[in-house]
Each structure stands twice: as C-alpha cells, then as structure tokens.
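A.B. asks: What follows is the residue order along each chain.
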Amino acid sequence: KAGVTQTPRYLIKTRGQQVTLSCSPISGHRSVSWYQQTPGQGLQFLFEYFSETQRNKGNFPGRFSGRQFSNSRSEMNVSTLELGDSALYLCASSLEAGGDTQYFGPGTRLTVL
Amino acid sequence: QKEVEQNSGPLSVPEGAIASLNCTYSDRGSQSFFWYRQYSGKSPELIMSIYSNGDKEDGRFTAQLNKASQYVSLLIRDSQPSDSATYLCAVNMWRGYQKVTFGTGTKLQVIP
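These protein sequence lines are chains L and Y, in that order. Heads up: the first sequence is residues 1 to 113, going by this note's numbering. Heads up: the second sequence is residues 1001 to 1112, going by this note's numbering.
Don't read these hints as lab results, they were simulated from the structure. Where hints are given, some of them may not hold.
Listed next, the in silico PhoX-like pairs over lysine-lysine satisfying Cα-Cα at most 25 Å (straight line) [what the hints assert, rightly or not]:
hint, chain 1, residue 1, chain 2, residue 2
1, Y, Lys1067, Y, Lys1056
2, L, Lys13, Y, Lys1042
3, Y, Lys1067, Y, Lys1002
4, Y, Lys1002, L, Lys57
5, Y, Lys1107, Y, Lys1042
6, Y, Lys1107, Y, Lys1002
Partial pick of chain L residues on the chain Y-facing surface, computed with a CB cut under 10 Å [claimed, not checked]:
hint, residue
7, Gly40
8, Asp100
9, Pro106
For glycine and all other residues, C-beta sits at the position ideal for the given N, C-alpha and C.
With the rest of the complex left out, here is chain L (with noise of 0.2 Å):
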C-alpha cells in the first residue's frame, strides 16, 4: 500500500507570497492532519480534516487555512508569507479522526526569504 505522499517536497517563495502545499492520504485513510515544525518548536498541530471538514485548528493565523476533498486529498495554503513561516509542513494521514494512529508524508520543506 503507498504511503503518504506530499507535494512539493522543497518550496522557496519571498515574503507576501502565498503558497499552496498538497497531501495524499494512505489509500482508505479519511483523515489528514498537518502540522508546522521549526528547530526547538516541535511539532505545531495546524489542523485536521475528516471527511471535508475540518474537525480541529491549531494556534496559528488566518493566513493558514486548508481543505478537504471528496477523495481525502488535501490542501493548506499559507497567504502573505513571513520569514517565521519557514519550515518543514507535515501531513499526517489515519484511518479515522481524532486519536487514531497517525502515518506521516515526507514533508514540505518551505523556505520563506
């Protein structure tokens, strides 16, 4: 069974950008969480979406939103991009929502300049 996947794998944009990163859920899994992780952050919970919809959303602004489609792929977008926004963007995909064991994609690493 393929595993997560995530485009693009390595993204350097300017400040005021927007970008646009994509996930591909393990084949079944409905559920799909993202997260932010910097040096000496940890792993920031952005949000999670289960069956179009997003059930949770981490501390984080506006300026990150995501979504859900019909076939579990999703999106999160960052909008008017700050240098803070550098980082590696992992997508988490599981079976169901909330709780349930989590496999990770390889990641987006974003460079903001």
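Place chain Y on chain L using the hints.
C.D. replies: Only chain Y this time, still in chain L's reference frame:
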C-alpha cells in the same frame, strides 16, 4: 505543565547498551500512546503504539505504560548507531474532541 513532556536530551548511550526514553502526560483519561522516531531532516516514523498498562515488545523496542503514574517509556535494547535520532512521544487526549498531542522529543545519540 506541558500536556506531553519529554526530556530534550541529548541522551548518550554506548553501542550495545539499553536506551531508556521517558514521557509524562497530563490528561489522566488518555487511552492511546505512540512512539515515533525522527531522523534529522526526515519525517516522523511510527515505531509502536500502546494502549494497556504494562509492557509491549516489538523486536529491540519495548514500550511501557503506567496510566496511574501518567508515564510511558520506550526501551531500546542493544542500541545501534543507526538508532541515533529524535524520539517523539504522542498521546491521544480529549480536548472537547479526540486529538493526538506530541512531545517535543528526546534526542538519542548512540556512541560506537
């Protein structure tokens, strides 16, 4: 108090020794616990999950859970240099909804 607490390390052990990684959590009602390994620059990889009090073994790895003490640990027997990584503890908590919360991780260094 942090919801999931881990010593950041680094924890240094000689090759062949037992590495012991610890994690405490704040929510007494938590039911599911996970250990992930993350190599530098890579994404977290699930090592094992544990749901019941006691020990659960998988190869060189043993997870130990004590819900009364709100404590979960991971033992790595016969540690190898390839085990050098950051180990993340994750706990399923109820915050009005079920949510997995991660600790900040313990960095393990296995010295050849």
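A.B. asks: Starting from Lys1067 of chain Y, check that the Cα of Lys1056 of chain Y is at most 25 Å away, please.
C.D. replies: holds, 14 Å
A.B. asks: For the pair we were handed, Lys13 of chain L and Lys1042 of chain Y, check the Cα-Cα distance against 25 Å.
C.D. replies: holds, 21 Å
A.B. asks: With the threshold set at 25 Å, check whether the alpha-carbon distance from Lys1107 of chain Y to Lys1042 of chain Y stays at or below it.
C.D. replies: holds, 14 Å
A.B. asks: Compare the distance between the alpha carbons of Lys1107 of chain Y and Lys1002 of chain Y with 25 Å, and conclude whether the hinted pair is satisfied.
C.D. replies: Since the Cα atoms of Lys1107 of chain Y and Lys1002 of chain Y sit roughly 18 Å apart, the hinted pair holds (cutoff 25 Å).
A.B. asks: Next pair to validate is Lys1067 of chain Y with Lys1002 of chain Y; report whether the Cα-Cα distance is within 25 Å.
C.D. replies: It holds: about 17 Å lies between the C-alpha atoms, which stays within 25 Å.
A.B. asks: Given the hint that Lys1002 of chain Y pairs with Lys57 of chain L, does the C-alpha gap stay at or below 25 Å?
C.D. replies: Holds, at about 19 Å.
A.B. asks: The hint names Asp100 of chain L as touching chain Y; please verify it with the least Cβ-Cβ distance against 10 Å.
C.D. replies: Interface hint status for Asp100 of chain L: holds (8 Å vs cutoff 10 Å).
A.B. asks: Would the hint on Pro106 of chain L be counted as holding, given a Cβ-Cβ threshold of 10 Å to chain Y?
C.D. replies: holds, 5 Å
A.B. asks: Once the shortest beta carbon distance from Gly40 of chain L to chain Y is found, is it less than 10 Å?
C.D. replies: holds, 8 Å
Of the numbered hints stated above, none is contradicted by the structure.
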